[in-house]
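Sequences listed follow chains A and B, in order.
As numbered in the working numbering, residues 1 to 343 make up the first sequence, in order.
As numbered in the working numbering, residues 1001 to 1391 make up the second sequence, in order.
Wrong hints could be hidden among the right ones.
Some but not every residue of chain A turned toward chain B, in silico, with C-beta under 8 Å [stated by the list, open to error]:
| hint | residue |
| --- | --- |
| 1 | I12 |
| 2 | Y93 |
| 3 | F97 |
| 4 | L108 |
Within a straight-line C-alpha distance of at most 30 Å, the following computed DSS-like cross-link-like pairs (lysine-lysine) qualify [claimed, not checked]:
| hint | chain 1 | residue 1 | chain 2 | residue 2 |
| --- | --- | --- | --- | --- |
| 5 | B | K1316 | A | K171 |
| 6 | B | K1257 | B | K1316 |
| 7 | B | K1076 | A | K220 |
| 8 | A | K220 | B | K1289 |
| 9 | A | K249 | B | K1116 |
| 10 | A | K206 | B | K1305 |
| 11 | B | K1068 | A | K218 |
| 12 | A | K206 | B | K1289 |
| 13 | A | K209 | B | K1116 |
| 14 | B | K1316 | A | K256 |
| 15 | A | K259 | A | K174 |
| 16 | B | K1373 | A | K273 |
Note that these hints are calculated values from the structure, not bench results.
Keep in mind the model is a prediction, meaning the values are calculated, not measured.
Glycine included, each C-beta is placed from N, C-alpha and C at the ideal position.
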Amino acid sequence: MIEQVNTVAEAIQNISEVTEVDIATAPKEIVWEDGKVKLYHFKADKKPIAKTPILVVYALVNRWEMMDLQPDRSFVRKLISEGIDVYLIDWGYPTRFDRYKTMEDYILGNLNDSVDFIRNKHNIPSVNLLGVCQGGTFSLMYTSLFQDKVKNLVTLVTPVDFDNEEGLLFKWAKDMDVDSIVDGFGGLIPGDFLNSGFDLLKPMNKARKYMGMSDTFKNKHALLNFLRMEQWVADSPPQAGDTYRRFIKEMYQQNKLVKGTFELGGRKVDLKKINIPVLTIFAKEDHIVPPATTKPINNLISSKDKELLEFPGGHIGVFVGQRSQQVLSPAVAKWLIERDNSK
Amino acid sequence: MTTHNNPFEGMMDNQKKLWENWTDMSKKMLQTFTGETALNGKAQEQRNELFDKQKELFEEMLKVADFKQWSEWMEKNNQWIKDNMMKLLPENMQPHYQNYLSSYTEMFKYWDSFAKMIEFGMTKPEDVNKYFSTEAYMDFVNKMMGFRFNGNSNEILDNMNKYFDQYIKYFNEIGAGTAQFNNNWKEMLEKFVPNDFNPLFKALNEMNKQVTDQMAPFVNVMTEGKEKRYIKLLKDIQFAFTAYLLKNSEMQTMVYKAGQHVLPEIFKHYAEDFKSTRKLPDYNQFYKKYINELETALMDTLHAKEYSQLQSDVSKAAVTVKSKIDEMVELSFENLPFVMKSQVDDIAKENATLRNKLRSLETKMTDLEAKLKTDATPSAVKIEKPKAVVK
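Could you put the whole structure together from the sequences, leaning on the hints where they help?
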């Protein structure tokens, strides 16, 4: 009884003290922008060890802030502390005005422009790329077309082989009438529509999460962590209809990248052309991007210096778990630094 | 016994006494077993003494600590926690939290009965259904899956066909004059609304009423000649919404069927466990096991091709309804000075075309710059001397 009273009292105190839920607090500045798209450069306290900066390319789905959720669980902060100079593309929040924005606009436009900005600013011929999830798919496409501008490539929980029976999302996408969905939504796919789909992959996850809240309340730090995650999940940007349509059709339904028939801006995207160092990281228990959809990257590229790295946990845990801080970010930084002086 | 104004001080005091009793008794029992005193063979007597003291103490506690007051305090503050957590959550996460709270609380109402059933081995599906009915189960699944409607699709289909046949007949009879439009619509609905024989059918008609009530202001601002287009759109919406309800119902029924066996199996599991351990789970353990097992049971269905196709059909039907409603709103405001979504689409298309042209030009310029850089010196130009002029 006394214990219950104490628990309730602690919960009330901790909840009362929450005034703001802040995420993505690593210091940064906007160094370039194009419409809604921004390029951030993160500030560091010390000079980076690696001369070549890295450009983080997050997916269009959900927001990049997962990589800097809170100071002690920040993939970005950890990379910086390990000596890497970090840039990041923020794709912004598309509106109906962006309904016709294409994959060419994103990859050949925004991504290429960001790479060129960094190259010019640092007076370097090439940058490092770190693509996350769909951002990794974009990064692979970009590298195959502009390899001279990419020094090293890291892909993180990146799908490349979409002809897969393991992932529920992959199965459902194959039956999706994407033209009706895009046209029915007026060319702008709401973030909540995507979130509903993700929720259905493990329908009881939310109930399990909320069941654990009685422990969460006891600790203010845990409560804030929980609220930050909720805020990130809720903040799902809409998707530009044309890009969404094409990604579903040509990746999920036709698997064009693996088949070698995918084109961007009239140019064929051939992953075999990639021969720079590539590090591919996948999460062992990833139910959103199962390992079987990521591992084929190693067989599709021609790089001699290529590595597959399995990481325990799920799709999100790979960024925010304790092991991410202690193991993954340092591993990525080390890999990049080792290759910093190579041609 | 010391009296306390504050029930918690009383509780703390009693807790302290309980602890003192235990430590005192433990020492005595230890001495008994180690033979240090003349208490050999009196262990049972000591235990009895302890239990009697405990009983006396609890009786005093009941007098001193007002448990009703404590319960009320706990309930009030737990509600405060839930309300304030809700406020801290982002708006689009609040329904999920509400669904969880609702499902947890609803099932808890059955917990005493469930515990008894487990204890007495009443685990057959028909026994479980007496307490946790099919409707309660479907409501639980709806909250977990984010479903809204439920119903028997065959029955709905039959009703819909009857409804549409009569609808078309009635509409031909009465015509569609603007002045009489609203009254005719309402009259028609009253004529055709069934007597609640199917909740889904009722929902469809409810939707009709809402749509027509909300569209009434738009009907009034429309100019003559749009009525037929408007009515056609309404019919299209009705048809699309019916298709959505039917497909949705079919999809949800598939999910309900997949998980129905889980609760009786959970009962069976705990009943067998109780036989050997004589221990019942607490509600949290039970609820957690149920949601985990239910999810596992649903997975096969969610992975099935049939479900995937149905889900696609449901999504398609839902966005069709949405786009038809958008179209109707645009039709109503057609001649008024508002920029409509379709007009923004035209601008967006122009913007995209211009962007493509600009990128094409940028690429050509980049290629040209690269070409100019590689041509280090201009090639020699042959100069032709003018022919000599002979004077």
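>> Tell me the numbers of any earlier hints that the structure contravenes, in ascending order.
In response: 2, 9
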